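Heads up: the sequence lines are chains A and B, in that order.
Taking this note's numbering as reference, the numbering of the first sequence is continuous, increasing by one, and the terminal residue is 72.
Taking this note's numbering as reference, the numbering of the second sequence is continuous, increasing by one, and the terminal residue is 1621.
Keep in mind the hints are simulated off the structure, nothing from the lab.
Owing to the predicted nature of the structure, the values given are computational and were not obtained by experimental measurement.
Cβ coordinates follow ideal geometry from the N, Cα and C atoms, glycine included.
Mixed in with the good hints there might be a few duds.
Listed next, the stretches of chain B that the computed footprint assigns to chain A, with coverage defined by at least 3 CB atoms under 8 Å from CB atoms of chain A [as the list claims (entries may be wrong)]: (1) 1509 to 1522; (2) 1562 to 1571; (3) 1576 to 1588.
Beta-carbon label-pair distances, calculated as ranges [as the list claims (entries may be wrong)]: (4) I56/A / L1564/B: 54 to 64 Å; (5) R1523/B / M60/A: 40 to 50 Å; (6) M60/A / N1503/B: 44 to 54 Å.
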Amino acid sequence: MSHFLLMVLYSLLVSVFFGALWRRGFRDQVILFLQLFVGMVVGGLLIAWLMYPFPPGPPTPIP
Amino acid sequence: MADSESRSAPAAEPTPVVRANPVVCVLLAWLLPGAGHLFLRRWGRGILFFALVLTSVLVGVALEGKLWRMVPGQPLSYLGTLACAGLGIPYVVLRFVMGYDGNVLSQGYEYGAAFLLTGGLMNLLLMLDVWDIAKGLKE
């Protein structure tokens, strides 16, 4: 499984969990789920993009 | 006034009030994820939480992730063990019945550890939630 898919799966599990734990009412739960899920996936991609130039130098070949 | 409010807002589903010993509920919640909620007749949430924690554990094991154990002189290992032990019976089965320890050579070792830790931490939060519900502090 790729890193991205694992990140999405992890975000999905955690978002559903906190949506169900912290909110009562389906609508509020869905809103919190979406906020957390989108926040984690987009935040993860953003951090990955910011870290892209590090470490400097040619990329290490994947075996 | 009250009449207009009741017309504008749909009547909420009455949540069953179950009188139960909070300590027993928390113990059940620790033993089996979601069991505390099921005991308090929160059927939907109990099943959902059970499925979420179990999925987290299964993914962690499928990735051959690290299941923390205490290492003398390494305080972080105590925290990691506490988090993993929050899984309850799944932790006991993995650790003591199956002898599971993770595979440090596996590509998913660290990812799997994150899933296992998260499953345990989720269950610790569920124990607190069950305590609040049993004490009547939360619906």
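Broken hints, by number:
The structure breaks hints 1, 2, 3 and 4; every other hint is satisfied.
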